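So the chains spell out like this:
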Amino acid sequence: MIHVAYAVAYRVMKKSLTNVSFLLPALMFPVIFFVGFAGALSGVDRVPGFDYEPGYETFQFAFVLVQSAAMAGVFTGFGIAQDFERGFARRLMIAAPRRSGILIGYAVATMIRWVMNTAVVLAIGLLIGMEILGGGLDLFALLLLGLTVNMIGILWAAGVALRLRSTQAGPIMQFPIFLVIFLAPVFVPIDLLTGWIHAVATVNPFTAFIEGSRSLLAGSTDDVAVAFGIAVPLAALFGLWALTGMRSAERG
Amino acid sequence: MAFALVFPLFFLFVVSSGLDPVSSLPGFPADSYVDFMFAIPFVHGALFTALNSAIELGRDIDTGFVNRLALTPARGIAIMLGNLAGGVALVLIQYCIYFVGGLLMGAHFEAGLLGVPVLFALAALGAVAIGAAGMTVALRSGSPEAVQGIFPLFFVGLFLSSMNMPRNLIENDWFQWIATVNPVSYLIEGLRSLVVVGWDPETLAIGFGVALGAIVLALSVSARAFSARMTRT
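Top to bottom, those sequences are chains A and B. Our numbering applies: residue 1 is where the first sequence begins, and numbers increase by one. Our numbering applies: residue 1 is where the second sequence begins, and numbers increase by one.
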């Protein structure tokens, strides 16, 4: 299984780093969101009731971190679907003695790629004056939280791709993730939201991920346990979704 | 098409709900954030439609359809304009839906009934400029994957503009500078002026000037790319 996972991860990494159609969107979107929102909306921290100590750049960085983690998984789903369309995935399934290794390979490559992209966004953030008040342990917890969200995105998109086996399924992978991400407190703290969006954000699991990330960046542990408490079972649930997707792909 | 229809309205819906507290900032030009953002789906729609038609053109080149087309008496300029006209027809249908959708979300359109065709015309000119630029990418690369890969760069222009905040209220100097030199800001401000102000001849003239200038530039580059593509076949 390890050999299969390694081979798949190597291939995905190579493809991601050498093919502009894979490299650019996965890297550009977090950068665009971060620079666009943090740069343009910096005045939002003057809105009465906005009380996030590290500042608006850090506030947006937490959102982009969670958003890019989830969306990186979606891009992997596109890759799996494309491999099925081109017949490569079928050959891979015939060759692999343990097919769960294929999923692990895709997941490992996506996580490495996400960490690389996040490092770029972090560098840009530090360049534009983003403040991080959290210590080393907080940042390690932030990385773990990001990787867990990344895993949720990968397993969700892989489950869809393995069932539908077509790039036409792209919007089915992308849109629900996009929906839950933007129905979280993206631009202002949840207390400043009113009406229906406040109600939706309160029950949205991505709110916990974003708020947990913001806490860690501010050097606080508020909401962190809740974030992990939701993320880990959700990742397990989508793991089951992806594995049953693999069974569906095996049946053809 | 479905994504190009749904995404811009969804974006308007969630961003205007999430950022509504911003409209309480002193000096904010609109009564609500949905008024301020009302023009953005028109630019998003243009981008998505341009992306789709550029990907289709890239696929036509990839599959050899353009090579076969080069053997027919069809003139290059006719093929280019046909491609752009198809895109404009599509965005005009989308604009009607965005307009109704925006009003249903509570936006107010200050320019009145006469302002609607002006809004659509300016947005359609923007769509032509973006479509011509997308066509250039497709013609140069000849691959739908490359078009898909390069297209996020077009979003940079949108996100690094005054899309989310009026330029005078942007606190980061570096971002304010980028938004000021970015022509997309002036296209958006032209469209937005019809929604928020009503009739502002100066802002509208700048918006139309930027759109027309971008069309001339993008068409001249894409015409060159088109003739190079046809010559090689």
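Each hint should be verified, as a subset may be incorrect.
To be verified - Looking from chain B toward chain A, a few residues come up when the C-beta cut is under 7 Å (computed):
#1 L5
#2 G18
#3 S23
#4 P73
#5 I77
#6 I79
#7 L113
#8 V116
#9 F155
#10 V156
#11 F159
#12 N164
#13 L169
#14 N172
#15 F175
#16 W177
Derived from the structure by calculation, the hints contain no laboratory data. Just so we're clear, the structure is a prediction, and the values are computed from it rather than from any experiment. From the three backbone atoms N, C-alpha and C, an ideal C-beta is built for every residue, glycine too.
For each hint, the structure was consulted:
This hint is violated: L5(B) has a C-beta 12 Å from the nearest C-beta of chain A, more than the 7 Å allowed. With 7 Å as the threshold, the beta carbon of G18(B) comes within range of chain A, its nearest partner Cβ sitting at about 4 Å, so the hint holds. Taking 7 Å as the C-beta contact cut-off toward chain A, the hint placing S23(B) at the interface is violated, the least distance being around 10 Å. This hint is violated: P73(B) has a C-beta 34 Å from the nearest C-beta of chain A, more than the 7 Å allowed.
Evaluation of the I77(B) hint against chain A yields a violated restraint, the C-beta minimum of about 29 Å exceeding 7 Å. With a least beta-carbon distance of about 25 Å to chain A, the hint placing I79(B) at the interface is violated under the 7 Å criterion. Hint on L113(B) is violated. Least Cβ distance to chain A is approximately 30 Å, over the 7 Å limit. The beta carbon of V116(B) comes no nearer than 28 Å to any beta carbon in chain A, farther than 7 Å, and the hint placing it at the interface is violated.
The beta carbon of F155(B) is positioned within 7 Å of a beta carbon in chain A (closest approach about 5 Å), and the interface hint is therefore held. Interface hint at V156(B): satisfied, since its Cβ lies 6 Å from the closest Cβ of chain A, which is below the 7 Å cut-off. Below 7 Å, beta-carbon pairs count as interface contacts, and F159(B) has one with chain A at about 3 Å; its hint therefore holds. The interface hint given for N164(B) holds, since its Cβ lies 4 Å from the closest Cβ of chain A, which is under the 7 Å cut-off.
Given the 7 Å rule on beta carbons, the hint for L169(B) holds: about 5 Å separates it from the nearest Cβ of chain A. Interface restraint check for N172(B): the shortest CB-CB distance to chain A comes to about 5 Å, inside 7 Å, so the restraint holds. Given the 7 Å rule on beta carbons, the hint for F175(B) holds: about 3 Å separates it from the nearest Cβ of chain A. Restraint check, W177(B) versus chain A: the minimum CB separation of about 10 Å is more than 7 Å; hint violated.
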